[in-house]
Every structure is written in structure tokens, then in C-alpha cells.
Amino acid sequence: MTTILSNSMSSGRFGGLGFLAQVLKGRWFMLCASFFVMAGGGSVYIFGSYSEVIKSTQGYDQSTLNFLGFCKDLGGNLGAPIGLMGEITPPWLVLLIGSLLNFVGYFMIWLVVTGRIYKPHVWQVCLYIAIGASSQNFYNTGVITTCVKNFPESRGTILGLLKGYLGLSGAFLTQLYLAIYGNDSESLILLIAWLPAAIPIVFACVIRIMKVGTRQANEGKLITQFFFASIALAIFIMAMIIAQKQVAFSKAGYAGSVTVVCLLLIIPLFIVIRKEFLEWNIREKVAHARTPNEIVTEKPQIVEPEPKESPLPLNSSTCFANIFNKPERGEDHSILQALLSVDMMLVLVSSFAGYGTNVSIVDNLGQIGMSLGYTGNTVRSFVSLVSIWNYFGRVLAGFVSEILLEKYKVPRPLLLTFSHLLTCIGHLLIVFSVPGSVYFASVIIGFSFGIMWPMFYALVSELFGLKYFATLQNCVLMIIPLASYVLNVRVTGFFYDKEATKQLKKSGQEWVKGTELTCIGTECYKLSIIILACVSFFAAVTSLILAMRTKKFYRSDIYKKFTKDATTAETELTKSSIRKEERVVN
Numbered sequence: 003m004t005t006i007l008s009n010s011m012s013s014g015r016f017g018g019l020g021f022l023a024q025v026l027k028g029r030w031f032m033l034c035a036s037f038f039v040m041a042g043g044g045s046v047y048i049f050g051s052y053s054e055v056i057k058s059t060q061g062y063d064q065s066t067l068n069f070l071g072f073c074k075d076l077g078g079n080l081g082a083p084i085g086l087m088g089e090i091t092p093p094w095l096v097l098l099i100g101s102l103l104n105f106v107g108y109f110m111i112w113l114v115v116t117g118r119i120y121k122p123h124v125w126q127v128c129l130y131i132a133i134g135a136s137s138q139n140f141y142n143t144g145v146i147t148t149c150v151k152n153f154p155e156s157r158g159t160i161l162g163l164l165k166g167y168l169g170l171s172g173a174f175l176t177q178l179y180l181a182i183y184g185n186d187s188e189s190l191i192l193l194i195a196w197l198p199a200a201i202p203i204v205f206a207c208v209i210r211i212m213k214v215g216t217r218q219a220n221e222g223k224l225i226t227q228f229f230f231a232s233i234a235l236a237i238f239i240m241a242m243i244i245a246q247k248q249v250a251f252s253k254a255g256y257a258g259s260v261t262v263v264c265l266l267l268i269i270p271l272f273i274v275i276r277k278e279f280l281e282w283n284i285r286e287k288v289a290h291a292r293t294p295n296e297i298v299t300e301k302p303q304i305v306e307p308e309p310k311e312s313p314l315p316l317n318s319s320t321c322f323a324n325i326f327n328k329p330e331r332g333e334d335h336s337i338l339q340a341l342l343s344v345d346m347m348l349v350l351v352s353s354f355a356g357y358g359t360n361v362s363i364v365d366n367l368g369q370i371g372m373s374l375g376y377t378g379n380t381v382r383s384f385v386s387l388v389s390i391w392n393y394f395g396r397v398l399a400g401f402v403s404e405i406l407l408e409k410y411k412v413p414r415p416l417l418l419t420f421s422h423l424l425t426c427i428g429h430l431l432i433v434f435s436v437p438g439s440v441y442f443a444s445v446i447i448g449f450s451f452g453i454m455w456p457m458f459y460a461l462v463s464e465l466f467g468l469k470y471f472a473t474l475q476n477c478v479l480m481i482i483p484l485a486s487y488v489l490n491v492r493v494t495g496f497f498y499d500k501e502a503t504k505q506l507k508k509s510g511q512e513w514v515k516g517t518e519l520t521c522i523g524t525e526c527y528k529l530s531i532i533i534l535a536c537v538s539f540f541a542a543v544t545s546l547i548l549a550m551r552t553k554k555f556y557r558s559d560i561y562k563k564f565t566k567d568a569t570t571a572e573t574e575l576t577k578s579s580i581r582k583e584e585r586v587v588n
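According to the working numbering, the sequence shown holds residues 3 to 588 in order.
Rather than coming from a laboratory, the hints here were simulated on the basis of the structure.
Check before you lean on any hint, since a few could be wrong.
[What the hints assert, rightly or not] Cross-link-like lysine to aspartate or glutamate pairs, in silico, EDC-like; alpha carbons within 20 Å at most: (1) Lys528 - Asp499; (2) Lys554 - Glu333; (3) Lys253 - Asp186; (4) Lys554 - Glu281; (5) Lys223 - Glu281; (6) Lys554 - Glu464; (7) Lys411 - Glu464; (8) Lys553 - Glu330; (9) Lys409 - Asp559; (10) Lys508 - Glu525; (11) Lys562 - Glu464; (12) Lys121 - Glu512; (13) Lys562 - Glu188; (14) Lys409 - Glu330; (15) Lys223 - Glu408; (16) Lys223 - Glu155; (17) Lys27 - Glu281; (18) Lys469 - Glu333; (19) Lys469 - Asp334; (20) Lys515 - Asp499; (21) Lys469 - Glu330; (22) Lys57 - Glu512; (23) Lys562 - Glu221; (24) Lys151 - Glu221; (25) Lys411 - Asp559; (26) Lys515 - Glu54; (27) Lys507 - Glu518; (28) Lys507 - Glu525; (29) Lys554 - Glu188; (30) Lys554 - Glu408; (31) Lys121 - Glu188; (32) Lys504 - Glu518; (33) Lys213 - Asp334; (34) Lys469 - Asp186; (35) Lys469 - Asp345; (36) Lys411 - Glu330.
[Unchecked claim] Pair by pair, the computed Cβ-Cβ distance ranges are: (37) Leu22 - Tyr120: 33 to 39 Å; (38) Val288 - Phe442: 53 to 59 Å; (39) Val288 - Trp196: 42 to 48 Å; (40) Lys469 - Leu22: 31 to 37 Å.
From a predicted model like this one, the values you see are computed outputs, not experimental measurements.
Ideal placement from N, C-alpha and C gives every residue a C-beta, glycine not left out.
Turn these sequences into a full structure, and let the hints steer you where they fit.
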């Protein structure tokens, strides 16, 4: 009777439903869904594309606009409370809250710039954009923390892919809005209000933490296939940006190009379905070939897990006494143990300098282009180039750092050093402007900025463990608003307005508050970008010190702990499977 029922369920409608359930419950589909969420979740990275319409409709000067950018960064990186929420709530709830905040924040911005509501105060606009940008914290916490725990031995490459899709989202959203709305910056704000909110709603139920066995033999192969799929997507979008610069696309042309973009985006889904289908066929053949007696007698050899030491009794005095009694690198640190360590101080200093300098350029890219005489379409090309090469930096950082670590035991912080030095070159290309230099600067800064994201996530998870990873990674991100305020508002915005006011006085006019303040020429950003280049060099020195401190740690087997835990988990799953089969036979 059992055999007949099994055969009937494995064919026709029952078999199809069983296969669908296998796909939807698998961790590879969970990873694929995470790619889609991240691909639509990077609205904060295209601030440079729509900042000019906010500035012109609201009559802001550059310092006010940069303060708006600071509020965006504050909302997008004030994530410690969200990290704590992620420790006690399921990922789906975190994603749905982020979806709601994204829509509310950016929809209010759209109402402001289109004049559908009365002109608000500056603080209200700052609040709206902070609310919208805060959704990124929820997406990062819900997706990245879950994927790192589900793929602990491939975290470098997984982080690179996830952050790569997030970096690519700016260019993806730009192509989509050109196809749907045309050349209308106000409609771009509407798009980033509804689309990044809709995607997590669709996939929230499948993004969850799972019990993980030992690393599958084909895991690296599948991740490599995802990598090449994302590379194809990035190359096509970059080709479209170049083509759109040379040729005027019609509405149908934009629609055709975005159709190809969407097809390339869902290639990982086909990879997952093919992988699950092959496994389904193998499982069905094995199930049909075995008899009930074989199910009972063929018991796999079980390796008993080593007994675990019982945890120490906890009390308030013990918690505070252990703050400075830190475990070894790679072991689970408490939140205070990690935050008060020298390694974390170096990570925070490096992130302050690295993020601050790059965010200042990315947020001001629209105004930098305008000051140098470029048109709106060209400026959007700069933003898209930053987005695409940001993707390349993120993805390659994950794969290259993993290869360098496995084969040559190169400490990950060395890639941060390389990234900061590369940023210096990008800054200098803008300062000493020659024809085409801003294009090269956009590529270099996008690439170097991309390298930083997966590296900081990987460093936090490797040096301080995964127990409080959701909270600790958000603590690192909280340094970004401070960096943005100091380097973007107080440095870049201040010197821009100073030069713009000087130019206005030379023309015999006085600036009236509430009207737009515009600066033209290389002097608008020259001094501020030289300061940013010096800060980037300081970040490189800091990262080099961290690399020297962690050299011994990265020469050891940093994944040994997770391999042992995965073997124990797989043993438990095997026991459970045997018990279920025995109950079926009996």
C-alpha cells in the first residue's frame, strides 16, 4: 500500500506539487529570492539621479541638499536596533516592516516634488527620506544575516553576490524607469517607492534560517553559475548605458532592453530549478529501487557528535567581568566584547573614512557633473556607471578574497587597503579634470566602493562570530551617517556653497535663502575632494594595520568550527530521517 501511494504521489499532479514544494523549501531558492530582494533594494544609491529635482523644486542650496543626503544615510545605516530586532524576530517580519517603510518614505518624497502636498519644511523632507532609506537596514538584516547563517562556509562569495546585486540595483532601477516613465526624475522617485516595497512582500515567506548540513560537493559550482549569471546582467546593462549615450532610444527600444534585463535577472531561478530537478529525479529513482525491508536494514553509519560543554552560569557580574576577557578571534563575542576590541576600533575607523569619502562623491555626482558642464542624461550615465562597477567590486571582492584566503592565506583587510588606495586615484581624476576623466572616476570609485561592502560584513562575521552578527554588522553601518555628516555636509557641501556664493557676488548678485544656489567650474569641489583623498589614504593605513594584526588568524582554518557544527547537524537529520522511514514501514 505504501509503495502504491508513493508511486502515485511521485507522478502527475502529486509529483508536480512535491517537486514545487522541494524547490520552494530549499535553501537555494531562498538564496535566489534574496538576490531579487537585493536587486530592487538599492534606492539609496541613485540619490544622485533625483537629488537635482528635489533641489530645484524646493529651492535648496547645496549644504541643505547634502544635509538631506546625510539624513538618507542616517536612516539607511542606523541599524543597531534593527539588528537587535533581527535576533528575536523571524526574517519575514523584518522584511515586511522594511517594505512598509520604503513605500511610506519615498511616496511622501514623490508627493513633495510633484506639488501634490503643501511645500514642507526641510526637517519634514529629511524625515521622509530617512524613513524610506531605513528600509535598506531591514533588507540587509533580513537577507544577509539569514544567508550567512545558511551558507557559513561560503560566506565570502555569498556576501559578494548579495551586495553585488544590491550595488547593481541602481542601474537596474534606472533602466526600468526609462522604459516605464521615460526621462522624468519625478517618476523615478515613484518607482523606487513601489517596486522595492513589492519585491520583499512576494518573497518574504521563503527567506528563513535553515538547519545546514555539511557543505555540498556542488555548492561551489552553483555559486559560480550565479556569479556568471550576474556578470552577464551587469555587462548587458553597461552595454545599454553606452548605447543609450550614443543613440537616442525610443520607448520601444527601452522596453526591449529592460525585457532582456529582466530575463537575465531571473537566470538564477532557472539554475535553482534545474538543480532541484536533478536531485528530485535521483531521489525518485532511489525510492523506487528500494524495498521496505531495505529501508529498515540499510541504516547509514552514524557518527555520534562530541559532547558539548555546558554553558557557564550567567549573572550580571559575569557579563560585565567578561567584557575585557575576550575569546579568540573567530569565536562568538558578546556585543560589548566586540565593540570594545581593538580590531573593531580599526574596522570602525576604516569604515568611517572609506564609506564617508565614497558616499560624498556618489551623493554629489549629479552636482559634480553639472558643475563641469555635463547634461542631465550624461550625469545619469555617471550614476549608472557607479552602480554597475559598484556591483563588479562587490562580487569580485567576495570571490577574489575567498580564493586568496583559501590558496594563499591572504588576510581580507588587505583588499580594503587596495580599495582605499584606488579611491584616492578616483578622487584625483575629478580634481584634475580632463575630457572623459569623470567617466573613469565613476568607474574607479564605484569599483572601490563596491569592494568595501562584502569585506566589512565578512570581517565582522569572521572576527567576532555569528551569534550576534545581525547586531554587530548594523553597529558598523551606524558609523556611515557620522561619516556622511562630517565629510559630505560639513566639508563637501560647505566648500561648494562657499564657492557658489563667491561666484554669485562676482556677478553682482546676492543669494536669497530659499532659492537654488549653483556653482560652475572645477573650483566647486577641488579643495573638498583633495581632503577626501587624504582621508582615503588614512583609511588605507588603518586597514593595513588591521591586516597585520589578523595575519595569524587568517593563516588558520577559520571555517573549522562551522564544518564541525554542520557535521553534527547532518547527523541529527540522518537520525530523524531513519526514524521516519522506520515508522512508515511499521
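Worksheet item: Which of the listed hints are not met by the structure?
Response: 4, 12, 13, 14, 29, 34, 37
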